[in-house]
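Going down the list, the protein sequences come from chains A and B. The first sequence maps to residues -12 to 317 in my numbering. The second sequence maps to residues -12 to 317 in my numbering.
These are computed hints drawn from the structure, not numbers from a lab. Keep in mind that the hints are not guaranteed to be accurate.
With a straight-line cut-off of 20 Å between C-alpha atoms, the simulated DMTMM-like cross-links for lysine to aspartate or glutamate are [claimed, not checked]: (1) B:K186 with A:D269; (2) B:K186 with A:E270; (3) A:K186 with B:D239; (4) B:K268 with A:E182; (5) B:K314 with B:D269; (6) B:K46 with B:E235; (7) B:K200 with A:D245; (8) B:K96 with B:D71; (9) B:K200 with A:D233.
Protein chains: 2
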Amino acid sequence: MSMAMNDSFDHIGEVLRNAETIAIAGHVRPDGDAIGSIVALGHSLMLAGKKVRILSEDKVPLNLAFLPEVGLVEQPPESIENLDVAVALDTAVKDRLGDNVNRVFAGAKVLVNMDHHGTNPRYGHLNYIEMTSPATGQIIFDFLKSQGLPMDAVVRDHLYTAISTDTGSFQFSSTTAHTHRIIAEMMEAGSQFWELCQKLYNTFPLRRLLLQKALLNEMKLSAGNRIASWAMSHELQSEIGTQPGDTEGLIDMLRGIDGVISPVIFEEMADGRVRVSVRSKDERLDVSKVCLVFGGGGHRMASGARMAGPLAVAEQRFLEALEDEIKRIG
Amino acid sequence: MSMAMNDSFDHIGEVLRNAETIAIAGHVRPDGDAIGSIVALGHSLMLAGKKVRILSEDKVPLNLAFLPEVGLVEQPPESIENLDVAVALDTAVKDRLGDNVNRVFAGAKVLVNMDHHGTNPRYGHLNYIEMTSPATGQIIFDFLKSQGLPMDAVVRDHLYTAISTDTGSFQFSSTTAHTHRIIAEMMEAGSQFWELCQKLYNTFPLRRLLLQKALLNEMKLSAGNRIASWAMSHELQSEIGTQPGDTEGLIDMLRGIDGVISPVIFEEMADGRVRVSVRSKDERLDVSKVCLVFGGGGHRMASGARMAGPLAVAEQRFLEALEDEIKRIG
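Generate the whole structure from the sequences, applying the supplied hints.
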């Protein structure tokens, strides 16, 4: 999948300029990069005079509900009349747009696909996939700039959200010098992002603390303190009233412990099955192998599986397999 | 204190170029900006052929012990022979260099004072105070660059640490476009900072989790959930074996709770006295006024005090005063 297969920004820009009605959507269970990218592109095209519909199969998560103009994001209607162009952003597989978005998109004359996931199979009529970009939001910045499309404070706030959340506040290895130069340029254009960061990173519902409290009280260390794990019961989630987004990043509390090489979270779902999330901090430990045993998979350093319950049994079986794998690497 | 009172980088550079032996130090209880700044400047001057001693009254904290070449940081000797220039970095008040550093510095022919604290009274023979800089490390970058002094990977790692920690990973309001451009420039020079970030932000001793667990189990909400507070007993700290740095940022767990406008931590010290740290999230609430009542002080949004024990009494007295102040703003 070489960069040469990308359609040019100019070509994509021309198609959008010639369109009257445009629909834009990201992936199901949207995160900061998905919401930030679709609102940034959508708002810019609105400012440029286009009729734009910004769609999302699932609602904007509560932790992003403070963002400016997120009210523009709507759940997909039956169809959109005279839809000239549909744009899929940050969505590695077409299915992940969601059934309702796909139904609307099916009526479009042209499908544009812009993404930073290297595995994206280029399902659009026009495609721009850049896996060296840490966020789809970074591609959107470059695109808007190259086409001279409007970038007001709303667009800049959404691009910042997209880039900042997908780089862990500029800490991940995907962050480049260009990433920092983009932020500098947006600040020079008049944006200050500290209040946004305050809301994005330093504001959370009490529910979040209750989950952390349960994690810290119930977590287990095993395999000579090399595994840190937590089994989150469905009962606890009901008690706390967990909302989408509340559990995000909880595994990092276990991951950060000095000496731990594999943090695991077992999440009991409403149907009694158990969602396993596991990470490796040691290049020699391939956690996807362990997940494969239970019908799951993923990456070497970050994988998952869904197991049959009950919770305690799934926990024990998975931890035994993981411990065996850890023993194998010595 | 206008910028016009600053001595020029060229003047400071000339003094350093003409020196043979140079000592550099930061403040007591050093943080990332202090350690990062003194090692960055010191290592650069060593590369430039100077005889450099990098001093710190207190040891490098455990969470920064992974940084390259921190072994260069030494506790102050009795004196340094033929000390031409002493450089104080990131130290708002001369006393905060520490008694032993001040004794060594007293033997220097020239004292240079570079800092980003606006309240710095310019106690050096040469001074460069830039309060718009988010970190002393950012001043050091500009200085080294302006003087064409060496910036190798070690220097860049320390400057990154200084800037990143003092801006909360580029999230604080002090972060500027220039800050991001500096990071971009250092990445273009060949640095990648993600492993450093991993160690800086995502690695912590189990002790840290035990403190968080106690905080979550023992925290109290009061004043209609607008105050979140925790009283940390000395017994707990002994049990856990708390080290310097372990408690840093704990208050942010309370600070982030939706609806809370004033997080407070009461820390019982070995002598039975109680160190109070308090924050305000509401412009109308001036927490320094409450601290002043108990002989403390600080800023409107972040203050502290030291109170007589026992812990439970200090806690009650302070919370009552804080609640009264909150009632006053309505």
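Worksheet entry | Satisfaction of hint between D269 (chain A) and K186 (chain B), Cα-Cα up to 20 Å | Holds - the C-alpha atoms of D269 (chain A) and K186 (chain B) are around 14 Å apart, at most 20 Å.
Worksheet item: Regarding the pair K268 (chain B) and E182 (chain A), is the alpha-carbon distance no greater than 20 Å?
Response: Judged against 20 Å, a Cα distance of about 12 Å means the pair holds.
Fill in: Satisfaction of hint between D245 (chain A) and K200 (chain B), Cα-Cα up to 20 Å
16 Å, holds
Worksheet entry | Restraint check for K200 (chain B) with D233 (chain A), where alpha carbons must lie at most 20 Å apart | Holds: K200 (chain B) and D233 (chain A) sit about 18 Å apart, inside 20 Å.
Worksheet entry | 20 Å limit on alpha-carbon distance, applied to hinted pair K186 (chain B) and E270 (chain A) | Given pair K186 (chain B), E270 (chain A) holds - Cα atoms ~16 Å apart, limit 20 Å.
Fill in: Satisfaction of hint between E235 (chain B) and K46 (chain B), Cα-Cα up to 20 Å
It holds: about 16 Å lies between the C-alpha atoms, which stays within 20 Å.
Discussion item. Hinted pair, alpha-carbon criterion (20 Å max): K314 (chain B), D269 (chain B). Please report holds or violated.
Written reply: 13 Å, holds
Practice prompt. Would you mind confirming whether the straight-line C-alpha gap from K186 (chain A) to D239 (chain B) stays at or under 20 Å?
Written response: Distance of about 13 Å is within 20 Å: holds.
Worksheet item: Are the Cα positions of K96 (chain B) and D71 (chain B) separated by 20 Å at most?
Response: 5 Å, holds
Consistency note: the structure conflicts with none of the earlier hints.
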